[in-house]
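**Q** This is what each chain is made of:
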Amino acid sequence: MMVSSGSSEHTRLLDSAPRTRSRIVMACKDIADGFRLWRLAATLGWLDIRLQFSGSTLGPFWLTLTTAVMIGSMGLIYSQLFHLVLRDYLPYLSISIILWQTGLSALILESCSTFTRATETLRSVNMPYTVQALRTMMRCGIVFSYNLVVPVAVFLIFGISPGADVVLALPALLVWLVDSVALCLLLGCACARFRDIPPIVGSVMQIIFYITPIIWEPKQVGAHAWWLYFNPFYSLLEIVRRPFLGQIPTATSWLIAGGISVFFCLLALFVFSRSRSKLAFWV
Amino acid sequence: MSGSVFDAGRVASGTSSISIRDLSLEFPIFHGGARSLKKMLFKRGKAALASSRSLRTGGEVRMDRAEGGPVYVQALENVSVEIRAGERVGLIGHNGAGKSTLLRVMAGIYMPDAPNVHIRGQVAALLDVNSGMNPELTGRENITLMGRHKGLSTAQIHQLERDVEDFAQLDTFLDLPVRLYSSGMIVRLGFGLATAITPQILLMDEWFMAGDFHFRERAEKRLSSVVNNTDILVITSHALDVLEEWCTRLIWLEGGQIRMDGPTDDVLAAYRVDMQVPDSQS
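Protein chains in written order, with the working numbering: chain A, 175 to 457; chain B, 1473 to 1754.
Isolated chain B, as found in the complex (with noise of 0.2 Å):
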């Protein structure tokens, strides 16, 4: 695909990098009056008046300032990753621990000119099931767009809409809008989409792994021949087996925080047995 426009991301093949260092992230959740700009205008005149301080309570959420001011939520903290071409990446741990939040940095789509933040190759991110599509268009208009995006031409545009036809065999489907599709038929889409072009970096969220058995053992073929020619996947996923299969490294998020980060074997023993005994200790 030479002379599209986010070929500029490339890099030569082999020196694709993710260097994250001491990044940690606050999400502010906007709520009530912290959306109205009236409401922050008369806030601050009264904050002015009397000086109130910040307070945080318990450890994740924090209030801003004075009441009705956004909260913030400490979704990742002194996260330091290193990755490499040629490894592949899973996260591991609960729900919330920030997996999904740290995957969104790596895409570029938090933070994006943190200076402790530096991805090096071209990044395809398959972060939500939707991934952007819209579900008003059918599935054929949302191929195109996708096409533009990745800044190619109309001849191209057509290759790739050939190719995901194939792929996800949803037939007259295709030419439905997205909305009418079953959760499986959009997985199909999505998954044959994000990955008609070989990325460099292949950062992906463990939706990928829905739809049923025989689509499961395709994707599984599909992604296989993809995984082998990026340069580095980080995938998020609470199907141990799966992360046993693909990844090379783990690490393992908690709290927003890295508790562990080692080879799979290594990390994989640590998580299963952490996971049997409950958090009675604490």
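In isolation and in its complexed conformation, chain A is listed as follows (with noise of 0.2 Å):
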């Protein structure tokens, strides 16, 4: 064969691969595909997570434990550090600490390997991408109902009760949800191209995890709160959090967070629509 052959062939690969339009709507067909076998993503999730815990007698509730133990000993010393009154602190540090670390952080790390370790599914069953999506999502779902345990009881403890507006962190974890099918999505496909991608990811969430008011709070800056806001994750943790502190997330908070996450469904579809087609070679 000659050179040139190489090359015009494999112009033809990438012309026979369908436009941008098209492109999309067989990502939809997919997302929606999906959806529909909800039950076999929340079984594929649910069995992840057994078999995580298999031949451990507390099972999944080694994480309550683990978390317990951190929140309890981060509390005590963080609190004298910031000189701060434990019954203020804990409660605020142990819903940010479950928000941050079982929620946003875990999700975006996990949605790393949503397709990486579904290898042998994708390669031999024709099945819709989101699946793997949705079950990485019900994965951490588990995982953050387990860990929410510990917060609820830290309220219990010090008699504290956010009182009615609780219910206004319901719609933020809707948006939650929505993120983390658009972050699998996204960060599935990236991470199954170029696998460098998951330790860049984890090192860049763990300066997030500083800069963001997770263990301090927003007040300690004083005057410069308002910088906070260029930071994407605290308006998002906000208008999950504010609620279960029985206080009613900032407006600003609610459209940053709402934003972002247009922007991220918009970026995931547009991602998930061109490395479909390729992904069963990349895994």
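Hints are computed from structural coordinates only; laboratory data are not their basis.
Predicted model, so just to flag it, every value in this text is computed and none were measured.
It cannot be assumed that every hint is accurate.
[What the hints assert, rightly or not] Ranges between beta-carbon positions, derived for each pair:
id: 1; chain 1: B; residue 1: THR1626; chain 2: A; residue 2: ALA399; range: 16 to 24 Å
id: 2; chain 1: B; residue 1: ARG1516; chain 2: A; residue 2: GLY433; range: 40 to 48 Å
id: 3; chain 1: A; residue 1: PHE227; chain 2: B; residue 2: ASP1638; range: 29 to 37 Å
id: 4; chain 1: A; residue 1: GLY433; chain 2: B; residue 2: HIS1590; range: 22 to 30 Å
id: 5; chain 1: A; residue 1: LYS452; chain 2: B; residue 2: GLY1517; range: 41 to 49 Å
id: 6; chain 1: B; residue 1: ARG1482; chain 2: A; residue 2: LEU344; range: 33 to 41 Å
id: 7; chain 1: B; residue 1: ARG1516; chain 2: A; residue 2: TYR384; range: 48 to 56 Å
id: 8; chain 1: B; residue 1: ASP1746; chain 2: A; residue 2: LYS452; range: 57 to 65 Å
[Unchecked claim] With a straight-line cut-off of 27 Å between C-alpha atoms, the simulated BS3-like cross-links for lysine-lysine are:
id: 9; chain 1: A; residue 1: LYS203; chain 2: A; residue 2: LYS393
id: 10; chain 1: B; residue 1: LYS1693; chain 2: A; residue 2: LYS452
id: 11; chain 1: B; residue 1: LYS1510; chain 2: A; residue 2: LYS203
id: 12; chain 1: B; residue 1: LYS1511; chain 2: A; residue 2: LYS452
id: 13; chain 1: A; residue 1: LYS452; chain 2: B; residue 2: LYS1515
We put the beta carbon where it would ideally sit given N, CA and C, even for glycine.
Two independent chains are provided; combine them into the complex using the hints.
**A** This is the structure:
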């Protein structure tokens, strides 16, 4: 074969790939089919958790226990360091750590392996790729709910009630659910192609943990607090966290969180629609 | 199984078809630096300075632009296949001829949205022994997952479970993780599972012929009942007697291209002649 024929064959493959509009239609169809198979995704997610903890007596409650010990010790040390009253600080810390560590951060880290951990399935079964995204979401959701016990216990111990405002956390959690599907599709595709993205994401999440008010409170930065809005994770966290603390999130938080979610969804649709036909070769 | 999700793929009986026109497929093979975002960005920068052109080594493997990029393997080249309802097609060829790749294209796994590939009808593919089974889960759990994938209700899944249990005869092993199974046991389970729901298009890789003689006999009985109810069967095998028995048409692949396509007897005769002559003349 001659040199030129090699490149022309390659171009033909690219040409035969459908154009952007039909790619997006196919991606949307994949997402819709995936949602129709939600029972499969839920079962897969449950089984993942069960396998992870098979052989341990406590099962997923290990997570709860680890988190409880961590929050307890962090609460004691940091309340001393920051000169805060434990009764004020511990409820804040517990809900923040849970929402970050087993919520946003866990989801982003897990979403990287959405497709790479399903290699066998993707290569041998014709299944909507979105099922794998929903499976990752389900797995994170289960871990999250096991850990939610810790802040609830803290609230009970200190006799604090968030009041009726806690229902405002529901629409915010719904936003998180939408974001999680988008992130799984987005990072799942990117990490299937480029295997050095997961460690990069890991380092970035570590940095974000320190610059986002999680172990410290926004009011501690005083007049500079408005700077925090430049960190999109701050708003995403605030819309869920404030209702749990019996407060109403600011409209700015909601606007930024909503905007960033729309952005995630569009970016995910773009990346997923372009990667879909190549995913089977990437994983 | 009315009302299940994947009835959507079903078409009126006898109207299933597979149509592939002029399909070329190159496998990108990522190795070393091609997997790295950092290296790729770095390479793009270098490539912009010193313009490089793509080069092709040999007939099948090609390097992309600069060194360290993905290598492309030409798996299929200008393949055109039309299969109508009622046909029983066998794919033959040497290892690496593109049989399994073509099967994966028909299953909608490779290039699912290519405009020159049209698959009409509900497809079931038995592509590898595990067929997407999770080795850490028990046989029973894998059956449940398969049922969920097909959109079955819980009652239907129980029915599926009983059916596969009767066929596979794994007894207590059904409640143990699949990774503890012998390869023959995995075949029993995988085969029983894949043939429990009659598809309109059945695609099978050659592994299904594994298993002991006793199992083979029962497998063939079960397979013939499934095959009689499917519109299209496509199998790959090196066992020529199997193909002779099952297929009405053979497609002979060589180096990703169709070398011959025709009635079983004709293709087999030509293939046998070719097999006897070593590749010394080239």
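**Q** Each of the hints needs a verdict: does it hold here or not?
**A** Against the structure, the hints come out as follows:
The hint said 16 to 24 Å for the Cβ distance between THR1626(B) and ALA399(A), and at roughly 52 Å that hint is violated. Hint check: ARG1516(B) to GLY433(A), Cβ distance near 31 Å, so the stated range 40 to 48 Å is violated. Distance hint for PHE227(A) and ASP1638(B): a CB-CB separation of about 33 Å, consistent with the stated range 29 to 37 Å. A C-beta distance of roughly 41 Å is found between GLY433(A) and HIS1590(B), which places it outside the suggested range of 22 to 30 Å.
Look at LYS452(A) against GLY1517(B): about 24 Å separates their beta carbons, and that is not inside 41 to 49 Å. Checking the proposed 33 to 41 Å range against ARG1482(B) and LEU344(A) shows it holds: the Cβ atoms sit about 39 Å from each other. Distance hint check for ARG1516(B) and TYR384(A): the Cβ-Cβ separation is about 32 Å, which falls outside the suggested range of 48 to 56 Å. As the Cβ distance of ASP1746(B) to LYS452(A) is approximately 35 Å, the hint placing it in 57 to 65 Å is violated.
Distance check on the hinted pair: LYS203(A) and LYS393(A) sit about 46 Å apart at the alpha-carbon level, beyond 27 Å; violated. In summary, the hint linking LYS1693(B) to LYS452(A) is not supported, as the alpha carbons are separated by about 38 Å, beyond the 27 Å threshold. A C-alpha spacing of about 33 Å is found between LYS1510(B) and LYS203(A), which places the hinted pair above 27 Å, so the restraint is violated. A distance of roughly 20 Å separates the Cα atoms of LYS1511(B) and LYS452(A); the hinted pair therefore holds under the 27 Å criterion.
As the CA atoms of LYS452(A) and LYS1515(B) are separated by approximately 21 Å, the hinted pair is consistent with the 27 Å bound.
Checked against the numbered hints above, the structure violates hints 1, 2, 4, 5, 7, 8, 9, 10 and 11; every other hint is satisfied.
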